Amino acid sequence: MDKLAEAFVIALKMIFSGDPVVMEITLRTLAVSASSTVIACILFTPLGCLLHFARFPGRGFVIGFIQTLYSMPTVFAGLLIFLLLSRAGPLGELGLLFTTKAMVIAEVFLVAPVILGLVISALKGVAGEAAETVRALGAGSLQTGGVVLLEARFAILSAFLMGFGRAISEVGAAMMVGGNIAGRTRTLTTAISLGIGKGEVAESIALGLILMILALLISLLVHITGMRKS
Amino acid sequence: MFSWLRFAGLALCLALLLPGCGEQPAPVPETPAADSTALEQPEGFPPRERVERLLIATTTSLYDTGLWAYMEPMFEDQYGVELDILYAGTGKAMEWGMRGDVDVVVVHDRAREETFIADGYGLSRTPFAYNFFVIVGPPEDPAGIRDMEPQDAFIALSQNATIPFISRGDESGTHAQEQRLWAAAGLDYETIRTSGDWYVEAAAGMGPTLNMANEMRGYALADIATFLAYQGDVDLEIIIGSGDAMRNVYAVIPLSTARNTDMAQNMVTFLTSPETQELIGSYGVVEWGQQLFTPCAGQDL
Numbered sequence: 545m546d547k548l549a550e551a552f553v554i555a556l557k558m559i560f561s562g563d564p565v566v567m568e569i570t571l572r573t574l575a576v577s578a579s580s581t582v583i584a585c586i587l588f589t590p591l592g593c594l595l596h597f598a599r600f601p602g603r604g605f606v607i608g609f610i611q612t613l614y615s616m617p618t619v620f621a622g623l624l625i626f627l628l629l630s631r632a633g634p635l636g637e638l639g640l641l642f643t644t645k646a647m648v649i650a651e652v653f654l655v656a657p658v659i660l661g662l663v664i665s666a667l668k669g670v671a672g673e674a675a676e677t678v679r680a681l682g683a684g685s686l687q688t689g690g691v692v693l694l695e696a697r698f699a700i701l702s703a704f705l706m707g708f709g710r711a712i713s714e715v716g717a718a719m720m721v722g723g724n725i726a727g728r729t730r731t732l733t734t735a736i737s738l739g740i741g742k743g744e745v746a747e748s749i750a751l752g753l754i755l756m757i758l759a760l761l762i763s764l765l766v767h768i769t770g771m772r773k774s
Numbered sequence: 069m070f071s072w073l074r075f076a077g078l079a080l081c082l083a084l085l086l087p088g089c090g091e092q093p094a095p096v097p098e099t100p101a102a103d104s105t106a107l108e109q110p111e112g113f114p115p116r117e118r119v120e121r122l123l124i125a126t127t128t129s130l131y132d133t134g135l136w137a138y139m140e141p142m143f144e145d146q147y148g149v150e151l152d153i154l155y156a157g158t159g160k161a162m163e164w165g166m167r168g169d170v171d172v173v174v175v176h177d178r179a180r181e182e183t184f185i186a187d188g189y190g191l192s193r194t195p196f197a198y199n200f201f202v203i204v205g206p207p208e209d210p211a212g213i214r215d216m217e218p219q220d221a222f223i224a225l226s227q228n229a230t231i232p233f234i235s236r237g238d239e240s241g242t243h244a245q246e247q248r249l250w251a252a253a254g255l256d257y258e259t260i261r262t263s264g265d266w267y268v269e270a271a272a273g274m275g276p277t278l279n280m281a282n283e284m285r286g287y288a289l290a291d292i293a294t295f296l297a298y299q300g301d302v303d304l305e306i307i308i309g310s311g312d313a314m315r316n317v318y319a320v321i322p323l324s325t326a327r328n329t330d331m332a333q334n335m336v337t338f339l340t341s342p343e344t345q346e347l348i349g350s351y352g353v354v355e356w357g358q359q360l361f362t363p364c365a366g367q368d369l
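Protein chains in written order, with this note's numbering: chain A, 545 to 774; chain B, 69 to 369.
In short, the hints are calculated from the structure, not lab data. Note that this is a predicted model, so its numbers are computed, not measured. Hints may be right or wrong, so weigh each one.
So the derived list for chain B, only partly shown, Cβ under 8 Å to chain A, looks like this [said to hold, decoys possible]:
id	residue
1	123
2	132
3	137
4	152
5	153
6	154
7	167
8	168
9	169
10	273
11	275
12	276
13	298
14	301
Below 20 Å or equal to it, Euclidean Cα-Cα: the simulated EDC-like pairs (lysine to aspartate or glutamate) are [unchecked claim]:
id	chain 1	residue 1	chain 2	residue 2
15	A	547	B	303
16	B	160	B	239
17	A	645	B	120
18	A	557	A	568
19	B	160	B	120
20	A	557	A	546
21	A	547	B	283
22	A	547	B	301
23	B	160	B	269
24	B	160	B	182
Now the in silico label distances, taken between C-beta atoms and shown as ranges [as the list claims (entries may be wrong)]:
id	chain 1	residue 1	chain 2	residue 2	range
25	B	229	A	753	41 to 47 Å
26	A	632	B	328	16 to 22 Å
27	A	568	B	359	28 to 34 Å
Here a beta-carbon is modelled for each residue, glycine too, at the ideal position from N, C-alpha and C.
Hey, can you work out the whole structure from these sequences and the hints?
Shown next as structure tokens:
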């Protein structure tokens, strides 16, 4: 018990003294997670809108499939991206394996279904009553679409934050395609995993606390955007 | 049906949502500080970026002792390259090597290393340091194997079959050594593996395996360096110490598929140079009170 308390004290010291390694790892984690979330937002929000507004055969199946991908194990996603980017793989020429770019690619892959699925749910959430009302007032398709999007904007924003939460807490894929190289591809989660392997408890707790604080901030943001909606 | 107007609605949707993305931190895909470190250049020349990377996969036992973190800046300064160090068990390191994902591997399993070279993946095998494997266990030595010959101890453990033995079970060099010891004891590894609950496969690195042995009050085969680093955290001690059969030799292998074979060869030169050899020999004395590795460049081990 003493050891545990001691580890927490060392952890807090590391955080508040601005330990350069801890700071560097934290910044890299934020950069990788934010990049992958932004890319996934730009690529997949329009696709989510398309899937919501468009009508085509098999639409229900596609949406169901996307929701299945929510629970895609991250190590498996990591393995697929690893095989893709490995020098013996189809994109090996790019030399992306064991770089932060590879980690961003893997995380876009993991965040995309979350954003797609939640954007569709967000639009669906307002589509019913609001869309009916607007249409009853004589609005055309364009105006109806606009109103639905406007109504859903906070729910969509919280979808982005959920995606960011998935990216920042991800460990399996980050480890496989990033390789956890010190000063280059090490993030909070992979550093924690190494720290546990090396028996460096205090350092792991420090990094874990930072990750928890970041996750808490994200869920607060999700909560606040949810409040503004209602 | 999907109409024109709905398309326009989608365009609107993008415009509306982009500011939402902007609230998050700006994308900074690459932040490695080392990339911007310029090399020393004669005056009047623009600073040259340190862009070349040498990827090395090293066994976890060398990584966890901190030896690589210690040697990394020396190599980088001497050869003007960014050294990126990946750690993995011998099996995984070689797998990366076969796929061409790393340029150099540092491993510890002579038989597999020789096959690796014969198959054309590695260019040469150069031993540069060794230490010893040890059998560790609870201080009270429940199986009564203290100071036995390793293979006799393994026979005793398998006959006892109640005290846990925690195997790495991860195709690492330590795991290979364990399999050699079972063979030396005249026992079939596959039979032992499946002979009961006492034989536990951790499928993990050395550290987690030692933690598991500690929790289960069992025995494990470990490299001495990792065990010394862990000694304070686990209630285990060395039950069977060094002997020639327990020698653990680390060798460096530049790969035939290396992006820059000259740079990969530089790693061999670096590790076997008298300065580095001396450094390896004195590493760990301050922190653990004893030498962790014995330098052995030029010896056939």
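Tested hints:
1. The beta carbon of residue 123 of chain B comes within 6 Å of a beta carbon in chain A, closer than 8 Å, and the hint placing it at the interface holds.
2. Interface hint at residue 132 of chain B: satisfied, since its Cβ lies 5 Å from the closest Cβ of chain A, which is below the 8 Å cut-off.
3. Nearest Cβ of chain A to the Cβ of residue 137 of chain B: about 7 Å, under the 8 Å cut. The hint holds.
4. With a least beta-carbon distance of about 5 Å to chain A, the hint placing residue 152 of chain B at the interface is held under the 8 Å criterion.
5. The restraint placing residue 153 of chain B at the interface with chain A holds, with a minimum CB-CB distance near 6 Å, inside the 8 Å limit.
6. A cut of 8 Å between beta carbons decides the hint on residue 154 of chain B: the least distance to chain A is about 5 Å, and the hint holds.
7. With 8 Å as the threshold, the beta carbon of residue 167 of chain B comes within range of chain A, its nearest partner Cβ sitting at about 4 Å, so the hint holds.
8. Residue-level restraint check for residue 168 of chain B holds (minimum Cβ-Cβ distance to chain A is 4 Å; threshold 8 Å).
9. Proximity of residue 169 of chain B to chain A holds as hinted, the smallest CB-CB distance being about 5 Å (cut-off 8 Å).
10. Because the smallest distance between the Cβ of residue 273 of chain B and any Cβ of chain A comes to about 5 Å, under 8 Å, the interface hint for this residue holds.
11. For residue 275 of chain B, the interface hint holds, the least distance from its beta-carbon to any beta-carbon of chain A being 4 Å, beneath 8 Å.
12. Interface restraint check: residue 276 of chain B against chain A, minimum CB-CB distance 6 Å, threshold 8 Å, status holds.
13. Residue-level restraint check for residue 298 of chain B holds (minimum Cβ-Cβ distance to chain A is 5 Å; threshold 8 Å).
14. For residue 301 of chain B, the shortest C-beta to C-beta distance to chain A is roughly 5 Å, which falls under 8 Å, so the interface hint holds.
15. Proposed proximity of residue 547 of chain A and residue 303 of chain B is supported: the alpha carbons are some 14 Å apart, at most 20 Å.
16. Our distance criterion of 20 Å between C-alpha atoms is met by residue 160 of chain B and residue 239 of chain B, whose separation comes to about 8 Å.
17. With a C-alpha separation of about 17 Å, the suggested pair residue 645 of chain A and residue 120 of chain B falls inside the 20 Å cut-off, and the hint holds.
18. Restraint check for residue 557 of chain A and residue 568 of chain A: the C-alpha separation of about 16 Å stays at or below 20 Å, so the hint holds.
19. Restraint check for residue 160 of chain B and residue 120 of chain B: not satisfied, since their Cα atoms lie roughly 24 Å apart, outside the 20 Å limit.
20. The straight-line distance between the Cα atoms of residue 557 of chain A and residue 546 of chain A is roughly 17 Å, inside the 20 Å bound, and the hint therefore holds.
21. Proposed proximity of residue 547 of chain A and residue 283 of chain B is supported: the alpha carbons are some 16 Å apart, at most 20 Å.
22. Among the hinted pairs, residue 547 of chain A with residue 301 of chain B is consistent with the structure: their alpha-carbon atoms are about 10 Å apart, no more than 20 Å.
23. For the suggested pair residue 160 of chain B and residue 269 of chain B, the alpha carbons sit about 17 Å apart, so the restraint of at most 20 Å is met.
24. Of the pairs offered as hints, the one joining residue 160 of chain B and residue 182 of chain B holds, with about 16 Å between alpha carbons and a cut-off of 20 Å not exceeded.
25. Residue 229 of chain B and residue 753 of chain A have their C-beta atoms about 43 Å apart, which keeps the hinted 41 to 47 Å range intact.
26. In this structure the supplied range 16 to 22 Å holds for residue 632 of chain A paired with residue 328 of chain B, their Cβ-Cβ distance being about 18 Å.
27. Between residue 568 of chain A and residue 359 of chain B the C-beta distance comes to about 32 Å, which sits within the given range of 28 to 34 Å.
Of the numbered hints given earlier, the model fails hint 19 alone.
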